[in-house]
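Visitor: Sequence:
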Amino acid sequence: MEFQKGDILEGTHREFAAAYHYIVYLGQSLDNAFVGVILTKSGSWANNVPLSENFFVREDEFGTSYKVQYKNSHFMQVKLDKPQDWGPYSKVGQITAEGVKFIEEHISGMEPISYQNYEKSLGTT
0 MEFQKGDILE GTHREFAAAY HYIVYLGQSL DNAFVGVILT KSGSWANNVP
50 LSENFFVRED EFGTSYKVQY KNSHFMQVKL DKPQDWGPYS KVGQITAEGV
100 KFIEEHISGM EPISYQNYEK SLGTT
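For the sequence shown, numbering that gives the first Met the number 0 gives the first residue as 0, with consecutive numbering after it.
Straight-line Cα separation of at most 30 Å, BS3-like style, residue types lysine-lysine; simulated pairs:
1) Lys90 / Lys40
2) Lys100 / Lys90
3) Lys70 / Lys90
4) Lys40 / Lys66
5) Lys90 / Lys66
6) Lys100 / Lys70
7) Lys40 / Lys119
8) Lys70 / Lys119
9) Lys66 / Lys4
10) Lys119 / Lys4
11) Lys40 / Lys4
12) Lys40 / Lys100
13) Lys100 / Lys119
14) Lys70 / Lys40
15) Lys119 / Lys90
16) Lys70 / Lys4
17) Lys4 / Lys90
18) Lys66 / Lys100
19) Lys100 / Lys4
Beta-carbon label-pair distances, calculated as ranges:
20) Met109 / Pro49: 16 to 22 Å
21) Glu60 / Met109: 30 to 36 Å
22) Val91 / Gly26: 17 to 23 Å
Simulated from the structure, these hints should not be mistaken for lab results.
Bear in mind that the values here come from a model prediction, so they are computed numbers and not experimental data.
Beta carbons: idealized from backbone N, C-alpha and C, even for Gly.
Given these sequences and hints, build the entire structure.
Guide: Shown next as structure tokens:
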């Protein structure tokens, strides 16, 4: 399945170090990866940006509710390279065009980084 900008994805291999959080797809990357941001409910980190409830599409084109809905949702303000081998991925939600624009404004100018390198930059590993 080809994903579109704003799709909320869930990885098959869900463990803390790999695909644990939902991901907003923002585009293809190099080396069999894609670029996205991680969704979280935590506002306790300085770089977690709160999202508006209006940024979440509630239902797909058939009227079926998406698995992922707004729930005190934030995104990590870091542009991440997400490996395809953490998948396969499935679409479980959708961010509106307005929401994608909001996210992209907060990560503009950033280069994609792996989650492992991001953790190292925080000194948490």
